[in-house]
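With the hints as constraints, model all of the structure from the sequences given.
Here's the letter readout for the chains.
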Amino acid sequence: MNRSGFTINLDQGKLQAVLLLMVVLLAVGAAFILSGAVGSVITLIMCSFLLTLVLQPVVTFIEQRGLDLLRSATIIIVGLFLLSLLFTFFVSPILSREIQELSIINDASSGGVAQRFQRGLGIKIPIIGSELIQSRLEITVTDFWAKSISALVVGLSSFASMTIIMVITFCGIKDGSRIRKEFLSLVPNRYFEMTVMLLHKISHRAGRYVRNELPFALLVGTLAVTALYFLDVRFYLLLGILAGFANMIPFLGSFTGALPAIFVVVTEGNWPGGAIVVMVAFAAIQMVKNLLITLFRFSRTEDLEPLTTIIVVLIGGQLMGFPGALAAAPVAIMAKIAVSELIGAFRSYRIFGPPVV
Amino acid sequence: MFPKEKQNHDSFGASVLGRGLWKNIFKKETAPDEIITTLRQVPLFEGMTNSELNSFSAILHRRRFRQKETVFRTGDPGAGMYILERGSVAIYTRNVEHKREELARLGPGEFFGELALVDESPRSATAVALERSYLLGLFSPDLRGLIDRQPRLGNKFLFQLASLIGQRLKHTNAELQNIRSNADPSKMIT
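Quick mapping for you: the protein sequence lines, in order, are chains A and B. The C-terminal position of the first sequence is numbered 354 in the numbering used here, with every residue numbered one higher than the one before it. The C-terminal position of the second sequence is numbered 334 in the numbering used here, with every residue numbered one higher than the one before it.
Just so you know, the hints here were simulated from the structure itself, not pulled from any lab data. A few of these clues could be false.
[As the list claims (entries may be wrong)] Restricting the straight-line Cα-Cα distance to at most 27 Å, the calculated cross-link-like pairs of lysine-lysine (DSS-like) are: (1) B:K300 x A:K198; (2) A:K198 x A:K333; (3) A:K198 x A:K178; (4) B:K243 x B:K212; (5) A:K198 x A:K171; (6) B:K212 x A:K178; (7) B:K300 x A:K178; (8) B:K300 x B:K314; (9) A:K171 x B:K300; (10) A:K333 x A:K178.
[Claimed, not checked] Rough simulated footprint, nothing fancy, chain B against chain A, three-plus residues with beta-carbon under 8 Å: (11) 57 to 68; (12) 176 to 186; (13) 192 to 200.
[To be verified] Derived coverage of chain B by chain A (criterion: at least 3 residues anywhere in the stretch with Cβ under 8 Å from a Cβ of chain A; other residues may be distant): (14) 195 to 207; (15) 216 to 223; (16) 287 to 299.
Quick reminder that beta carbons are idealized off the backbone N, C-alpha and C, glycines included.
This is how it looks when you write it as structure tokens:
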């Protein structure tokens, strides 16, 4: 600090770090506020965004065959619409019934989540005996469950929601590059090239992450539904689908995917036999998945460190339940790329430095 | 006083879905005529059809620069090339005595920064708008996306780019030869 005046000369790197931290905190704060107010809308938009990322290579493949973007997007959306019709008529009724029956587990008249879990285990867990712990556990599980169920009801069991997702996805595929171009037209010239490269890297890396994880999520989901069906577990379809989606969550996915199934088995009074069999089944599914990963996948995207991933997944889960936890990793990857590219770009383009010529 | 209403032949769309909805969802993007006219002047797009030029127009970014505004500076990471639609741009570099030296002055239909399409090495010169100018930016991520979607068109463009770079290399070699043959050997640094 200059004692003769009131000038504070901050180190350039520290100033950038402070600015970026402020932006991140503002974004997290906005997310907290918005998730409460328009959570279901955000869920639909997030599903559409992920679907657009996944379908982009398919659109490119069709365009390479000579069809224009409009026809390519139309073909894909018509295909998705037919799939959603099949889903609505054959899968959705079972799913809706299971969601309704499962939500009864949270009914307070049945004794609460923690007590049912204790009864199922058949032993008294000392720490759960405390009323304070019990009520906090009740609130946490109920809140997480309510958000997840609400999102699943909105996203999966409603034909209207699926139609909205498809319409948004169609617009995203058809007009995504135009929307991006119009957004870029608002960026000042000084930051323009930097923003172009930044957006490209973000969409490329996020898309690669989702496309790498999705086939294995489908595999795990299919195997989980099959295994739980043959093990005669109630709500096998819902739990299997949850396990498949949970598999997309890095590091915690395989564990969190099995938890709901084990939880349901225990609350149904099938402890310890049923729960152990379910654990073994999920362990076997993970072994199959890891074997296929070793065989077919030659490089993994390691965009996030384990600790960072766990933290962002927990934050995502707290904000929006299961869909939040699912979207947390790709969102964190995009944020990490944005931050690192911005810092690099500020240095390369000498945003805060004197002009060279 | 009032413009004549355009005859709408899409009677099915108009009657069932409404003129606005049908046209809005299924409208085809066409490039403004001035962009197509500008692209036709650029050797890189020589021999391309209107449809092909439309494909490029969809990935071009139209930017407006004020007088004396910098387009890019020496050392900036290369992101893409610019085509002058209107105005003029000067290309500068620093000579060995660190004095600013103007390499070229470009007008409408000319282009610069094309090497950044093939690699991300830092810019070797600075480009500054000499007057209010309109530039069309073509950037490497967008070009790669076009090559993925329309490989034939992408390859056509890349061949023309390679040919142009080859011509410039020949021209530079000829100039170097000329300088060497005219230079005083006693003043040459070896």
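Against the structure, the hints come out as follows:
no. : hint            : in the structure
1   : B:K300 x A:K198 : 26 Å, holds
2   : A:K198 x A:K333 : 11 Å, holds
3   : A:K198 x A:K178 : 15 Å, holds
4   : B:K243 x B:K212 : 18 Å, holds
5   : A:K198 x A:K171 : 20 Å, holds
6   : B:K212 x A:K178 : 25 Å, holds
7   : B:K300 x A:K178 : 24 Å, holds
8   : B:K300 x B:K314 : 21 Å, holds
9   : A:K171 x B:K300 : 25 Å, holds
10  : A:K333 x A:K178 : 23 Å, holds
11  : 57 to 68        : holds (count 5)
12  : 176 to 186      : holds (count 4)
13  : 192 to 200      : holds (count 3)
14  : 195 to 207      : holds (count 5)
15  : 216 to 223      : holds (count 7)
16  : 287 to 299      : holds (count 5)
Hint check: no violations occur; every hint is consistent with the structure.
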